[in-house]
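Asker: Chains as they are written, first to last, in our numbering: chain A, 32 to 284; chain B, 3 to 309.
No lab work stands behind these hints, which were simulated from the structure alone. Treat the numbers as computed from the prediction; the structure is a model and nothing was measured. Some hints here could point you the wrong way.
What follows is a list of derived Cβ distance ranges for each label pair [to be verified]:
no.	chain 1	residue 1	chain 2	residue 2	range
1	A	145	B	89	19 to 29 Å
2	A	44	B	71	22 to 32 Å
3	B	71	A	278	19 to 29 Å
4	A	44	B	68	23 to 33 Å
Only some residues are given here: those of chain B computed to face chain A with a beta carbon under 7 Å [claimed, not checked]:
no.	residue
5	51
6	89
7	99
Heads up, the beta-carbon is just placed ideally off N, CA and C, and yes, glycines get one too.
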Amino acid sequence: MISVLRAEWTKVRTVRVHWILVIVAMAFPTVVAALVGTFNPNPQWVYSRDLVDIVSGVGVVSLLLLASLWVINLTSEYSHGTIRVTYAAVPARWKVLLAKATVGTLVTLVVMSVTFWLAWFVGSTILNGRGASIRLGDQGVDAGGVFVSLLALAVIVSWFALGLGAIIRNSPASVVVVLLWPLLIENLVALALTLAGVESASKWMPYQSAIQAVSSADPSPDVLGRPEAQLYFGAVALGLLLIGGLLDRRRDA
Amino acid sequence: MIDVEGLTKRFGRHTAVDSLSFSVAEGRVTGFLGPNGSGKSTTMRCMVGLDHVDAGEVRFDGQHYGSLRRPLESVGLLLDASYVHPARSGRNHLRWLAASNGIGKQRVEEVLALVGLTDVASKRLKNYSLGMKQRLGLAAALLGDPATVILDEPANGLDPEGIRWIRDMLRFLASEGRAVLVSSHQLSEMSLMAQELVVIGRGRLIDQCSVHDFVRRNTTTRVRVRSPQVGEILRQMRTLGATGEYVGDSAVSDTALIAGVSMVTVGETAAKVGAVLHELSEVSESLEDAFLAVTADDQEYRSGNAS
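Throw the hints in and build the complete structure from the sequences for me.
Answerer: See the structure below:
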């Protein structure tokens, strides 16, 4: 299994577009935090909670970029035919999917950790230099909790993306579904359920619930709590990954 | 040694490979022939578990492909040279493949040198020509120094020097005791490269034998005779049960092709009737003639007349 992990890591690090996605994912929250810090007209009224919300909110864009990377990393194997080379070298197909998920998880953890704290550091440094007073330990601010839940969400989204990629096997279609799922698909489903008379339908939309649970704001009764939302979305993502793995096992490469 | 036993693969109602059995011995290049759509590539994919089989089994030195712990060290495979990521370099393509089977980076450099791609190994694969990709594919097949090599159309896109190189390479690999199975549509090349043939049509085995036997069994060797008395020779041959025809216009031609008797018989007959011989030679048909004769009923796609 170690050799398969090495192979998958080599695949990830030897394609330029993967690096571009990682760099953009890392830079985006930092740039936004720097812009907010530099151009906010009333920096003294920006508090720790605001900066945490900004960084975690923009961090969702970063994790979507990383999700696109994991989709492309898998589906490009089908579009270029390298999946046949891969499965000829590693006939146990589950090992390949597991190795991709493991590499995706580890890279996501590292990239999102750096992204979150870099954006926090840049934003707080600029704002404090302009008269704000932002500290990690400010009362009522759960920066650590938000950070951990953002990491968990990023990892779950990477599994979700990989699962969809294994099912759909097509790069553009998979990326579109991964990006539109929380923005469009779950909204439409929630709307349809609401019109059908289901109460609090949006609460049971796994992706949106998990995104909302990252926020440092107190959860309203209409959304799931942080651990519940992430466990729920995690189960959905693992289910998709499992379905993708089973389909992949049954299909001809 | 490859043993294919009763391999069957269906796509819906279409049976692509139908109870196919053959073997590939060590120390020989075995050519895998069949018309377009006859199931060669499907068979190769089934052999290494890329396509699921409906029946039958394939063993490599007694083992199923799926049970090989490090497949690249047992079976080297080139199915399609275009199965590469265009944004990756040739060296990195081989590196991830080597890593998947615990093969070191040093071996990557060795096979790059072997196929003559060291100088371009850092270039991205989208800049490779088809011939370069074929060489890279062969390098990938040889990464694990395998006992068995399976190649699907390895000479596609190669220039004459490249074709000659791959022919020599495959014969060299076989001379080292490896089992080499290679498919190709270039029959003249196959006749130079292979010692053994597996011929299939519509997914079924048509023949497995040596190239020499295949050509001999499926073509007619004729005797070419040129003489001022060619008409008299032809008459004598027909009385012996042979068949013959003039080459060109029978009114003026002094040359005939005779089938059904040996060159010796033609020579002796000519002597008996006092004919002067200007030429007496055997005309053998090629592997291409034999192949076309054998697969005439198994061609899935036929061309119209060019004339």
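Asker: Compare the structure with each hint and give your call.
Answerer: Verification of the supplied hints:
For residue 145 of chain A paired with residue 89 of chain B, a C-beta distance near 24 Å keeps the hint of 19 to 29 Å intact. Evaluation of the 22 to 32 Å hint for residue 44 of chain A and residue 71 of chain B yields a pass: the beta carbon distance comes to about 26 Å. The beta-carbon spacing between residue 71 of chain B and residue 278 of chain A, approximately 26 Å, falls within the hinted interval of 19 to 29 Å. Between residue 44 of chain A and residue 68 of chain B the CB atoms are about 29 Å apart, so this pair conforms to the stated range of 23 to 33 Å.
At a threshold of 7 Å, the smallest CB-CB gap from residue 51 of chain B to chain A is about 5 Å, leaving the interface hint in force. For residue 89 of chain B, the interface hint holds, the least distance from its beta-carbon to any beta-carbon of chain A being 5 Å, beneath 7 Å. Look at residue 99 of chain B: its Cβ gets to within about 6 Å of chain A, closer than 7 Å, so that hint holds up.
Comparing the model with each earlier hint shows no violations; every hint is respected.
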